[in-house]
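Asker: Chain by chain, the residues:
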Amino acid sequence: MNLTLKVWRQKSANSPGRFQDHTARNVMPDMSFLEMLDVVNEELAERGEEPIAFDSDCREGICGACSLVINGIPHGGNAGTATCQLHMRHFHDGQTITIEPWRARAFPPVKDLVVDRSAFDRIIQSGGFVSVNTGGTPDANALPIPKVDQELAMDAAACIGCGACVAACKNASAMLFVAAKVQHLALLPQGKVEANRRVLSMVEAMDAEGFGACSVTGSCEAVCPKQISLDFISRMNRDYLKA
Amino acid sequence: MHLDAKPPSGPLDKKWEKHQLEMKLVNPANKRRFDVIVVGSGLAGASAAATLAELGYHVKCFCFQDSPRRAHSIAAQGGINAAKNYQNDGDSVRRLFYDTIKGGDFRGREANTYRLAQLSVNIIDQCVAQGVPFAREYGGLLTNRSFGGAQVSRTFYARGQTGQQLLIGAYQALSRQIGAGTVEMHPRTEMLELVLVDGQAKGIVVRNLVTGEVSSHAADAVVLATGGYSNVFYLSTNARGCNVTATHRAYKKGAAFANPCYTQIHPTCIPVSGDHQSKLTLMSESLRNDGRVWVPKKKGDKRAPDQIPEADRDYFLERKYPSFGNLAPRDISSRAAKEACDEGRGVGPTGLGVYLDFADAIQRLGEGTIRERYGNLFDMYETITGESAYQQPMRIFPALHYTMGGLWVDYNLMSNIPGLFVVGEANFSDHGANRLGASALMQGLADGYFILPYTIGNYFASTKPQKPSVSHPEFKKSEENVRNQTKRLLSIKGKRTATSFHRELGKLLWDKCGMARDEAGLKQALKRIPELREEFWQNLTVPGDSGEFNQSLEYAGRVADYMEFGELLCTDALTRRESCGGHFRTEFQTEDGEALRDDEAFSFVSAWEFKGVDQAPVLHKEPLVYEEVKMTQRSYK
Ligand SMILES: Cc1cc2nc3c(=O)[nH]c(=O)nc-3n(C[C@H](O)[C@H](O)[C@H](O)COP(=O)(O)OP(=O)(O)OC[C@H]3O[C@@H](n4cnc5c(N)ncnc54)[C@H](O)[C@@H]3O)c2cc1C
Ligand code: SF4
Ligand code: FES
Numbered sequence: 001m002n003l004t005l006k007v008w009r010q011k012s013a014n015s016p017g018r019f020q021d022h023t024a025r026n027v028m029p030d031m032s033f034l035e036m037l038d039v040v041n042e043e044l045a046e047r048g049e050e051p052i053a054f055d056s057d058c059r060e061g062i063c064g065a066c067s068l069v070i071n072g073i074p075h076g077g078n079a080g081t082a083t084c085q086l087h088m089r090h091f092h093d094g095q096t097i098t099i100e101p102w103r104a105r106a107f108p109p110v111k112d113l114v115v116d117r118s119a120f121d122r123i124i125q126s127g128g129f130v131s132v133n134t135g136g137t138p139d140a141n142a143l144p145i146p147k148v149d150q151e152l153a154m155d156a157a158a159c160i161g162c163g164a165c166v167a168a169c170k171n172a173s174a175m176l177f178v179a180a181k182v183q184h185l186a187l188l189p190q191g192k193v194e195a196n197r198r199v200l201s202m203v204e205a206m207d208a209e210g211f212g213a214c215s216v217t218g219s220c221e222a223v224c225p226k227q228i229s230l231d232f233i234s235r236m237n238r239d240y241l242k243a
Numbered sequence: 001m002h003l004d005a006k007p008p009s010g011p012l013d014k015k016w017e018k019h020q021l022e023m024k025l026v027n028p029a030n031k032r033r034f035d036v037i038v039v040g041s042g043l044a045g046a047s048a049a050a051t052l053a054e055l056g057y058h059v060k061c062f063c064f065q066d067s068p069r070r071a072h073s074i075a076a077q078g079g080i081n082a083a084k085n086y087q088n089d090g091d092s093v094r095r096l097f098y099d100t101i102k103g104g105d106f107r108g109r110e111a112n113t114y115r116l117a118q119l120s121v122n123i124i125d126q127c128v129a130q131g132v133p134f135a136r137e138y139g140g141l142l143t144n145r146s147f148g149g150a151q152v153s154r155t156f157y158a159r160g161q162t163g164q165q166l167l168i169g170a171y172q173a174l175s176r177q178i179g180a181g182t183v184e185m186h187p188r189t190e191m192l193e194l195v196l197v198d199g200q201a202k203g204i205v206v207r208n209l210v211t212g213e214v215s216s217h218a219a220d221a222v223v224l225a226t227g228g229y230s231n232v233f234y235l236s237t238n239a240r241g242c243n244v245t246a247t248h249r250a251y252k253k254g255a256a257f258a259n260p261c262y263t264q265i266h267p268t269c270i271p272v273s274g275d276h277q278s279k280l281t282l283m284s285e286s287l288r289n290d291g292r293v294w295v296p297k298k299k300g301d302k303r304a305p306d307q308i309p310e311a312d313r314d315y316f317l318e319r320k321y322p323s324f325g326n327l328a329p330r331d332i333s334s335r336a337a338k339e340a341c342d343e344g345r346g347v348g349p350t351g352l353g354v355y356l357d358f359a360d361a362i363q364r365l366g367e368g369t370i371r372e373r374y375g376n377l378f379d380m381y382e383t384i385t386g387e388s389a390y391q392q393p394m395r396i397f398p399a400l401h402y403t404m405g406g407l408w409v410d411y412n413l414m415s416n417i418p419g420l421f422v423v424g425e426a427n428f429s430d431h432g433a434n435r436l437g438a439s440a441l442m443q444g445l446a447d448g449y450f451i452l453p454y455t456i457g458n459y460f461a462s463t464k465p466q467k468p469s470v471s472h473p474e475f476k477k478s479e480e481n482v483r484n485q486t487k488r489l490l491s492i493k494g495k496r497t498a499t500s501f502h503r504e505l506g507k508l509l510w511d512k513c514g515m516a517r518d519e520a521g522l523k524q525a526l527k528r529i530p531e532l533r534e535e536f537w538q539n540l541t542v543p544g545d546s547g548e549f550n551q552s553l554e555y556a557g558r559v560a561d562y563m564e565f566g567e568l569l570c571t572d573a574l575t576r577r578e579s580c581g582g583h584f585r586t587e588f589q590t591e592d593g594e595a596l597r598d599d600e601a602f603s604f605v606s607a608w609e610f611k612g613v614d615q616a617p618v619l620h621k622e623p624l625v626y627e628e629v630k631m632t633q634r635s636y637k
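Chains as they are written, first to last, in my numbering: chain A, 1 to 243; chain B, 1 to 637.
Be careful, since some hints might not be right.
[Said to hold, decoys possible] Keeping only pairs whose Cα atoms sit at most 20 Å apart, straight-line, the calculated SDA-like set for lysine to any residue is:
{"hint": "1", "chain 1": "B", "residue 1": "LYS102", "chain 2": "B", "residue 2": "LYS495"}
{"hint": "2", "chain 1": "B", "residue 1": "LYS299", "chain 2": "B", "residue 2": "ASP312"}
{"hint": "3", "chain 1": "A", "residue 1": "LYS147", "chain 2": "B", "residue 2": "TYR86"}
{"hint": "4", "chain 1": "A", "residue 1": "LYS147", "chain 2": "B", "residue 2": "LYS299"}
{"hint": "5", "chain 1": "A", "residue 1": "LYS147", "chain 2": "B", "residue 2": "ASN376"}
{"hint": "6", "chain 1": "B", "residue 1": "LYS495", "chain 2": "A", "residue 2": "LYS147"}
{"hint": "7", "chain 1": "B", "residue 1": "LYS495", "chain 2": "A", "residue 2": "GLU42"}
{"hint": "8", "chain 1": "B", "residue 1": "LYS6", "chain 2": "B", "residue 2": "ALA29"}
[What the hints assert, rightly or not] FRET-style restraints, in silico, Cβ to Cβ:
{"hint": "9", "chain 1": "A", "residue 1": "LYS170", "chain 2": "B", "residue 2": "ASP89", "range": "22 to 32 Å"}
{"hint": "10", "chain 1": "B", "residue 1": "ASN539", "chain 2": "A", "residue 2": "ASP149", "range": "23 to 33 Å"}
{"hint": "11", "chain 1": "A", "residue 1": "ARG105", "chain 2": "B", "residue 2": "ASP89", "range": "53 to 63 Å"}
{"hint": "12", "chain 1": "A", "residue 1": "GLY135", "chain 2": "B", "residue 2": "VAL629", "range": "24 to 34 Å"}
{"hint": "13", "chain 1": "B", "residue 1": "LYS6", "chain 2": "A", "residue 2": "LYS147", "range": "39 to 49 Å"}
{"hint": "14", "chain 1": "A", "residue 1": "ARG47", "chain 2": "B", "residue 2": "VAL613", "range": "29 to 39 Å"}
{"hint": "15", "chain 1": "A", "residue 1": "ARG47", "chain 2": "B", "residue 2": "VAL629", "range": "52 to 62 Å"}
{"hint": "16", "chain 1": "A", "residue 1": "ASP116", "chain 2": "B", "residue 2": "LYS527", "range": "40 to 50 Å"}
{"hint": "17", "chain 1": "B", "residue 1": "LYS6", "chain 2": "A", "residue 2": "ASN26", "range": "49 to 59 Å"}
{"hint": "18", "chain 1": "B", "residue 1": "LEU532", "chain 2": "A", "residue 2": "ARG47", "range": "52 to 62 Å"}
{"hint": "19", "chain 1": "B", "residue 1": "LYS6", "chain 2": "A", "residue 2": "LYS11", "range": "44 to 54 Å"}
Treat the hints as calculated values from the structure; they're not laboratory data. Quick caveat, the model's predicted, so the values are computed rather than measured. Beta carbons are placed, not taken as given, at the ideal position from N, Cα and C, and that holds for glycine.
Start from the sequences, fold in the hints, and give me the full structure.
Answerer: As structure tokens, this is what we get:
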């Protein structure tokens, strides 16, 4: 199939961006979306033109690097998958596809479809950890943990830090990301000890980074490649009020 | 070049303890005067950087991704081994050690491997304390599975996302230190040169991938935790960004590269679907616990799998290896699949695939159980191929997965260059000629949490802090190298992209130096690679500029290194005239087609010294001395 791509091109953080049309030819249904872009980029490079910059690494939905808004939806709208797991069999010949970067004040642009998500790292640095040093820890089985708690913690810990939740939110709120980390740790006895301190400092860091407020519309949950549940936000709100 | 592995004396199980006692300590107040550079933020790098900072050193950490949390370690699925013996099924440190040495086909260093097995136990405690949500039983205790051919259940896991959870644990520990100001983190920064001053590793030169700025960083020691080189083959299960640049450039500065030909092929990956393929996706090996591998008995049997009756199927692993069956080690299973395909019995559109069939398991255990065990893997398979493995068998094919070779290190994880330490997949490490499933995560974390932070102290205690200034001529010279190489890459303005060169090199290596190797093929590759390299430097095209975010330029630099490194890989494979573990020379096999070692002639580590790009490297041998283990022929019959 052949496709028309309307791609956001922006030379650098300080230069203005615009949509540019590119054509993707002979696209096969088994290609992933990023492989389709690779092919377009090869053609551009062969012509001496600058390829479209985008982030990706693992290409299997776990590193959280890939980050494209496709036809208005972060990660392209297939439930529970990241951009790199989207395959071309979901598109049809002659289709026009718009491709944009994550857009949020706290994610400044780098180039084309690449943005700076280091705000997420700084939120984790503010308290998204258990304060233990290496060594001197008790035997791993010293403290039994109910399977339901561990499973729920794992649901939250599955977050890949991609930022789609922010990109989907009309307020560019990072609540789902923050709640996932806060709950992953608060649900486990090891993390409970400093749960109050953690939630306070992480929420404060989130606000300081310029992420918006949460109005619980649920658009974040809908695009999250790991289907992190909105319930974690209400749990976090409770913990926050208690703290 | 002098290679002294420095294994401590005494009985195996006492060596590390003894060494710990004998190592000199750095006074706590002095530690902050030592600067350490850690390149890499995967399991090995993040755990090392965090622990070094906890101990009081001043750390700078670098990675090329936009966040340390995205290092390739994140993608590990299956699990991590530890000799906890929680299942009371006869596991022990000694058994894990022995399995690892035997699995590595007796080409690993005994003392290191024993220490790895000992430390495995601490890793699990550490990770649980950090909040890693390992799978548990209803009683609240940790659960285990048997993995990759092990006959005991010693593998800890967090659904199919063990690497992710372990890395997030290490990333969080690292983030805590970054927040505390003890680690300075440099994401989107690529190390391009190692800097030596008076023969000691004293810093690196990096390129800021956003601005293109080239700068120097000095330290008292440099730790490389930059991962493996599977991507020299172009297609592998590794993340796209994984590359050999850091270790290759250290090699060019004098670090010995050990056993480059020990590469591991993983038997259960989704087959290639076309030329556009950018990477291969691994399906966790745990699938082999319940899936049965087969191909049609007849050549060219194009019937749909459900139309092929039992009598016309060849469950070749069960047939050839009755006691291990579908769980035979990775190299054996991979080669068996290749043989079936070479015989024309491969399945799928390309004929390069074999079935992994769950029909029996579903009948025996019910679809619910299979869904519970492998649901996410089946979903992943369906996302990629559009096929449901509940209804029809998966198609799988081997792919490059892991590299046992790497920079040579001694018992202290220090290379032959004083002050250059190497941890994780980047070193040649503890796995010999073949790594067991779920042992890479274990090694990366043992190196980073429990070994390097202490052995580096011993190095510091015997040297004075003497970080040179970055205006030292050696730094300036290395910066010039980087700028010149960049200029050179951009100025060729030829016709072929870096991708097209990489793909051609990768295919050549896969054909001649992949699952099975022979003298004639290796010689062809060794003739072809220099030609290809020359064409690369004459006909490459790299769009864009150096003073900006330029992914084509980053990539071209990595491919330039593959063009040299591929040659070293083949040279090592040609020199090792035996088969062992992941290195299979067709000339050296038993009557049953098993790898045939030559212990008389080849029980040594091959450590290569760089002599110039178009010069032959020089081989140095570290003899492998087994004090307690008796070498046997591996048999999985
Ligand atoms: C799909 C898959 C599944 C796996 N599953 C398992 C499993 O279940 N169990 C198991 O034990 N093992 C598994 N492995 C192997 C294991 O994941 C790796 O061996 C291990 O994670 C490597 O960790 P590392 O820290 O050494 O390197 P990596 O995680 O590769 O990290 C390398 C780091 O170095 C940085 N870097 C590299 N070069 C440079 C440079 N020039 N400049 C700056 N930074 C640089 C990168 O940014 C990155 O931070 C799997 C591997 C794959 C591919
Ligand atoms: S919560 Fe979901 S969408 Fe948000 S960063 Fe995590 S994985 Fe991405
Ligand atoms: S590239 Fe890693 S999640 Fe998409």
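Asker: Let me make sure I understand: some of the numbered hints might not hold for this structure. Which ones are they, in numerical order?
Answerer: Failing hints, ascending: 1, 4, 6, 8, 9, 10 and 18.
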